[in-house]
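J.: Sequence:
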Amino acid sequence: MPERPRRCFNSYRPDDDRETQPRAVERDYRYRHVRSVSNGAVDKHRASRSQSPRPRNNRHQVGGTPTPDPERTKLLNLLKDLDETGEINLTIPHSPSPGGPGTKNGPRPRLHSWIAPELLKNVGEVAAQMASCDKELQEMWKYHKEEFERIRNNANRISQCMEELMENLEALTSAMHRSFDSIEVQQQHAADSAHAVHNALRTALRETLIGQLLSHERIVPRSTCGNFVPRR
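So that you can map any letter, position 70 of the sequence shown is 70 in full-length UniProt numbering, and since no number is skipped, the others follow by simple counting.
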């Protein structure tokens, strides 16, 4: 069996006879105004769609029950907690009446006319507390800034004193090294002098001893020698 050639989506088919074949029934939304098309196919399709269980959101339908929004319910509960009576006193007019508040000829609505007085009082107290806290924070920031400046100045002064102390210590160390060098030179000179004196004394003592020995030999009688010669 010969292999069937592959066809591309954009390839031209010579046996394409779509134009010669009768056009098929279009989709149902193009025949909304027709009650029956192609043996009631559209009506059957609509009946199947109406019978299928499909979740519908009837929030925007007239007379339907709106779908509860959890975020909206949460906000409403928060607003109820703000009021002691458990009711919402925020009434904002959506369409102002002619000559009433919010119109061209009438006065503009104020915020306290829409909000409960207790809520305004609480907001005022909270605002006063925030203002006092802000003032305290400003004072604390000023105090801490002054303390930081003082500590930084003390640290700079201590660092400068330490630098001066290190310079003085280096100068004293160099002076001590010079003193040690001079002391070593003096010690060496003293040792040389002592050695020279010792040599001189040794030489003088040797000469003295030699002289005494010579004089002793001169005064000793030579009777023991057998030839006594008296000293002249």
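FYI, nobody ran anything at the bench for these hints, they're computed from the structure.
Quick caveat, the model's predicted, so the values are computed rather than measured.
Mixed in with the good hints, there may be bad ones.
Computed Cβ-Cβ distance ranges for the label pairs, DEER-style [as the list claims (entries may be wrong)]:
# : residue 1 : residue 2 : range
1 : L214      : D192      : 39 to 45 Å
2 : R72       : G124      : 27 to 33 Å
3 : A196      : S159      : 18 to 24 Å
4 : L165      : A128      : 53 to 59 Å
5 : I158      : H189      : 44 to 50 Å
6 : K80       : E125      : 31 to 37 Å
7 : R152      : V126      : 36 to 42 Å
Simulated crosslink set (SDA-like; lysine to any residue; CA at most 25 Å straight-line) [claimed, not checked]:
#  : residue 1 : residue 2
8  : K142      : A127
9  : K142      : S132
10 : K121      : N77
11 : K74       : L120
12 : K145      : A131
13 : K80       : E147
14 : K121      : A131
15 : K135      : K145
16 : K80       : E125
17 : K135      : R150
18 : K121      : L75
19 : K74       : L119
20 : K135      : L120
21 : K135      : E147
22 : K145      : Q129
23 : K142      : N153
24 : K80       : K135
25 : K80       : N153
26 : K142      : A131
27 : K135      : V123
28 : K80       : P68
29 : K145      : D134
No residue lacks a Cβ here, since even glycine has one placed at the ideal position from N, Cα and C.
J.: Determine which of the earlier numbered hints do not hold for this structure and return their numbers in increasing order.
T.: 1, 3, 6, 13, 24 and 25
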